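Position 44, counted from 1, in the sequence shown is what our numbering calls 142; the numbers after and before it change by one each time, with no gaps.
Wrong hints could be hidden among the right ones.
Unchecked claim - Result set (DSSO-like, lysine-lysine): computed pairs, CA atoms no more than 30 Å apart in a straight line:
no.: 1; residue 1: 157; residue 2: 167
no.: 2; residue 1: 225; residue 2: 240
no.: 3; residue 1: 240; residue 2: 167
no.: 4; residue 1: 163; residue 2: 225
no.: 5; residue 1: 225; residue 2: 157
no.: 6; residue 1: 157; residue 2: 240
As the list claims (entries may be wrong) - Label-pair restraints from in silico Cβ distances:
no.: 7; residue 1: 163; residue 2: 185; range: 26 to 36 Å
no.: 8; residue 1: 136; residue 2: 273; range: 20 to 30 Å
no.: 9; residue 1: 102; residue 2: 280; range: 25 to 35 Å
no.: 10; residue 1: 225; residue 2: 185; range: 31 to 41 Å
no.: 11; residue 1: 162; residue 2: 129; range: 17 to 27 Å
no.: 12; residue 1: 272; residue 2: 172; range: 24 to 34 Å
no.: 13; residue 1: 252; residue 2: 154; range: 29 to 39 Å
Read the hints as simulated data drawn from the structure, not as lab findings.
Source: prediction; values computed, not measured.
We put the CB at the ideal spot given by N, CA and C, even for glycine.
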Amino acid sequence: WQLPRCSFVQRVGSVHTSSPAMDSMDLVRRLAEASGGAAFPLYAPLIVADTTTARRLAKDPLVHKTLEKFNELTHAVVGIGSWNPPDSSVRDMLAPDIVAMEDEGAVADVCATVLDADGHPVLSTRKLSERSLSISWERLSKVPHVVAVAGGVDKADAIRAVITSGIIHTLVTDVAAARRLLDTIPGG
Numbered sequence: 099w100q101l102p103r104c105s106f107v108q109r110v111g112s113v114h115t116s117s118p119a120m121d122s123m124d125l126v127r128r129l130a131e132a133s134g135g136a137a138f139p140l141y142a143p144l145i146v147a148d149t150t151t152a153r154r155l156a157k158d159p160l161v162h163k164t165l166e167k168f169n170e171l172t173h174a175v176v177g178i179g180s181w182n183p184p185d186s187s188v189r190d191m192l193a194p195d196i197v198a199m200e201d202e203g204a205v206a207d208v209c210a211t212v213l214d215a216d217g218h219p220v221l222s223t224r225k226l227s228e229r230s231l232s233i234s235w236e237r238l239s240k241v242p243h244v245v246a247v248a249g250g251v252d253k254a255d256a257i258r259a260v261i262t263s264g265i266i267h268t269l270v271t272d273v274a275a276a277r278r279l280l281d282t283i284p285g286g
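The task is simple: from the sequences and hints, build the whole structure.
In structure tokens:
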């Protein structure tokens with residue numbers, strides 16, 4: 099089995115993680131290498147302190163080159179973060195904003211967009227998007243095929259919110275999460 103030749107574009111800036119296996123820039127590079135295609139890593143953090151910093155980073159030639167590739171995406175694989183219980187790299191980076199977003203009903207996040215239980219971006223997401231280096235919700239909604247990957251029964255509410263949003267076309271999950279999701283369907 100071999101990957102078809104294609105480019106790989108990192109859609110969100112880097113997130114601090116204690117696991118070196120989770121390095122998104124390395125993953126993009128390794129996938130591109132395996133397919134014989136080009137790699138477009140995003141040499142910037144996912145969330146920065148202010149809009150001025152985000153704008154300056156977006157103008158950096160290497161960062162700008164990757165951001166421009168968002169317009170060419172035909173497929174995207176995204177992770178789903180959960181806000182209750184907390185299992186989200188985005189949430190972990192938003193210490194001063196967490197309470198406001200939770201008051202707005204935050205239950206999930208995808209590519210630095212925070213969603214409520216009905217799958218709508220919370221109002222504070224607008225402010226967050228001004229200081230994040232990632233694909234926008236609007237741009238992600240134009241990608242022809244979006245695959246979400248998330249598992250665990252604790253993420254069921256977050257997964258449901260993202261499904262309800264209509265942004266994803268395919269879900270990759272585990273049996274526990276799938277059963278919990280199916281149990282919530284009336285007549286299911």
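Exercise. Among all the numbered hints in the text so far, which are the ones the structure does not match?
Worked result: 8, 10
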